[in-house]
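There are 2 protein chains.
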Amino acid sequence: MTQPARAYADAGVNLDAADRAKLQMRDAIRTTHGPQVLGGMGGFGGLFAIGELGLREPVLVSSIDGVGTKLKIAFTLNRHESVGKDLVAHCVNDILVCGARPLFFLDYLALGAMDGDQAVAVVRGVAEGCREAGCALIGGETAAMPGFYAPGEYDLAGAIVGVVERERIITGQGIRAGDIAIGFPSLGLHTNGFALARHALANDDLAATPPELGRSLGDELLQPHRCYLGAIWPLLEQGLVAGMAHITGGGLIDNAPRVLPDGLGADFDATAWDVLPIFRLIQQRGAISWDEMARVFNLGIGFVAFVHPADVERVLALAGSEGARAIGVVRTWNGDKTPRVRVEGLA
Amino acid sequence: MTQPARAYADAGVNLDAADRAKLQMRDAIRTTHGPQVLGGMGGFGGLFAIGELGLREPVLVSSIDGVGTKLKIAFTLNRHESVGKDLVAHCVNDILVCGARPLFFLDYLALGAMDGDQAVAVVRGVAEGCREAGCALIGGETAAMPGFYAPGEYDLAGAIVGVVERERIITGQGIRAGDIAIGFPSLGLHTNGFALARHALANDDLAATPPELGRSLGDELLQPHRCYLGAIWPLLEQGLVAGMAHITGGGLIDNAPRVLPDGLGADFDATAWDVLPIFRLIQQRGAISWDEMARVFNLGIGFVAFVHPADVERVLALAGSEGARAIGVVRTWNGDKTPRVRVEGLA
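So the sequences go chain by chain: L and Y.
Numbered according to our numbering, the first sequence spans residues 1 to 347.
Numbered according to our numbering, the second sequence spans residues 1 to 347.
By construction, these hints were calculated from the structure, which means they are not laboratory data.
Owing to the predicted nature of the structure, the values given are computational and were not obtained by experimental measurement.
Please note that the accuracy of each hint is not assured.
When chains are identical, the list treats them as one kind, so a pair holds in a single copy or across two.
[As the list claims (entries may be wrong)] In silico lysine to any residue, SDA-like type, Cα no more than 25 Å apart, as pairs: (1) K72 to A208; (2) K72 to G152; (3) K72 to P146.
Pulled out of the complex, with its shape left as it was, chain L reads as follows (with noise of 0.2 Å):
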């Protein structure tokens, strides 16, 4: 499966080690593989039968994503096992706003060298997240790229392939005026934002604690991509979601509209929810306007599902438990073509 391909001792790369971390790494891989994967076929390619799925008209849902500047976090802080679960959150969640569940997911991970530890403590991140998600991981490259990226430093991207019905697609077209945006929490920045939180963090400690964190700076920033999956499927299943939105690049600001019909809207009040304190930190230290933040960040809410007035109740019953509370509600809009989100409340 995981390949580490391309490593010549003659260009900095040490194939025993490459050839270590591949059995290392194959045996996390095997616990995410079930009796549609399967094996012995050689490791070109990686096979998973569909025809098992029991679907009548089966469409698949794909995504490929990366992790980020996140990543510069994972390397001073030199912890590696998370990053590889966060891929796979944001890569779940993505397919799931269209109602799909996840079948199989692939990595991609170059590294400026071949260290073995490292590499297998990111794919055993990437063979957990898959596990829990119930995603067969069954294929991966592991790529020495010498002068490519820094010693110990590597970037990691993967892709996923998941399963939904034709009739079941959710595409956000059902969405209403007057339908309840159902928030979920999100646990930190998840894998977005880096780029300006490195930006206005820059002169901070990340071995520091500052004290409405109660963790320190590195750990709050290491918080996991959290995948809604468990929390989303028992809406899907008794058909309560008109629409869904991950909440990634963009902030609710850009990633709402993307599931909202033509001439509607929403607005979001953020006192219906904790904006975490990293956010307020990064605000503080940028001196970043709210607006901005909100066309950045997730703020608190990593996923939102539309609902029809008449089900919010049996949506707070059902995932109540996992944080769901309304923010917002949907409005027409008739300004332009492109519908479009507030976020009221932030200061």
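Here the structure of chain L is known, so what remains is to put chain Y in place on it, guided by the hints.
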């Protein structure tokens, strides 16, 4: 589809340029879409309707890969159209060895700075490779990662998903002693061995034209990674192939054994094909043993199909115009459990 995410003016990224690039990419991407690609779903995920494949037991075959340090050549020459095609070809070939045809592709492009022209050139190359392989480009991530890559540099990875009828998966388990290895010519280094090649050629000028190459060294190193789908597919349709290997990092020595059953090996005769002049140049410049050359580079054979003797004539009739030729023979191998191949006649 391709989202220029994580782009903040404050942190060294030009958001307008990202938006312009996004629109230009969209035009290229759309040319790869057939009726199975479902649009207008908000763009968090790419949707592909698999219910219309008409297969009884479809198995998805997937792979993820990068371009590797060949990118450094593209940076030096400031030519960014071809690497995307290289990436797609690599991935198509990787799933082709299982007998799979491509369905869709996703790309990951991480840039040091959001240079719209550069990003558009790269993604156009990806789209062109997809179009030629009949593969839909349904997702992508364009990430600006300032401080990660030097200005003007980037990394590029991609994931492919294809499909094969379960009973037609090519595993190589049908290969027998006496079978003939049919080699398909490469066009150059493809995307493998660049760490070693750049090491060996470190004192050479990419703009110079060594007489034995007949083109500049830079042009030679950027020669495309050949896609073997068109050459191989007619053979698969007629059931003429017992096993296949894509000759990537590791060369014939490491890649051919991946498809051979235990107890078998193969002898290749390098006088049966043209070892391309670029490989002789690298060998001389780097004073590299031919044994190591054969473990790193494709040496002029980018893809191998193992064929029963009775089928050789038909295979050569069907694929002779693609450069197919007999280059080796399968033999029993009792040395140890791992199949091994030899390459003779290299000098």
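Do the hints match the structure? See the list:
With identical chains, the CA atoms of K72 and A208 are at most 25 Å apart within one copy only, with a shortest distance of 17 Å there and 39 Å across copies. Taking the shortest Cα distances, K72 and G152 sit within 25 Å of each other both inside one copy (11 Å) and across copies (20 Å). Taking the shortest alpha-carbon separations for K72 and P146, both the intra-copy value of 18 Å and the inter-copy value of 11 Å come in at or below 25 Å.
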